[in-house]
Amino acid sequence: MEDTYYLPNTEPSFINYPVLRDEQANIEAISTYAERAYSALYDYNEAIYDRVDINTDELEQYITLCRQTCSNLGTADRIPYDVLIELRSILAELYRLRQLAAGTDTIGVPDEIKEDEGI
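Mapping of the sequence shown onto the UniProt record's numbering: position 44 corresponds to residue 44, and the numbering continues sequentially without gaps.
Please note that the accuracy of each hint is not assured.
As the list claims (entries may be wrong) - Ranges between beta-carbon positions, derived for each pair:
{"#": "1", "residue 1": "Arg98", "residue 2": "Asp22", "range": "22 to 28 angstroms"}
{"#": "2", "residue 1": "Glu35", "residue 2": "Ala102", "range": "21 to 27 angstroms"}
{"#": "3", "residue 1": "Leu100", "residue 2": "Ser31", "range": "18 to 24 angstroms"}
What the hints contain is simulated information worked out from the structure, not anything from laboratory work.
Glycine is no exception: its CB is placed at the ideal position from the N, C-alpha and C atoms.
Please take these sequences and the hints and turn them into a complete structure.
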């Protein structure tokens, strides 16, 4: 979370956004896990390792934690938008990792749609 949408005197803080105090441990855990996952993907893409070593059970736990944290931040009285935006982008990446781990093409653009097939 390097960039911020806030002016320096209105940066997200515990004073401006009390919900950050409640969710600080979860945000740090999600960020740490995301960095580990991104590192595993980088190592694979750079041919350092021949597979992406990510535990799918742990991935599911962090997806659930990230969804809950996003929900808590999104329903707060005062919403820290740049933290929420960053967490939602992490959540999107975790969903992509889950899709890769499943090895299915259930998410994405279909190849062909016929009128009689329905939805």
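Violating hint indices (sorted, rising): none
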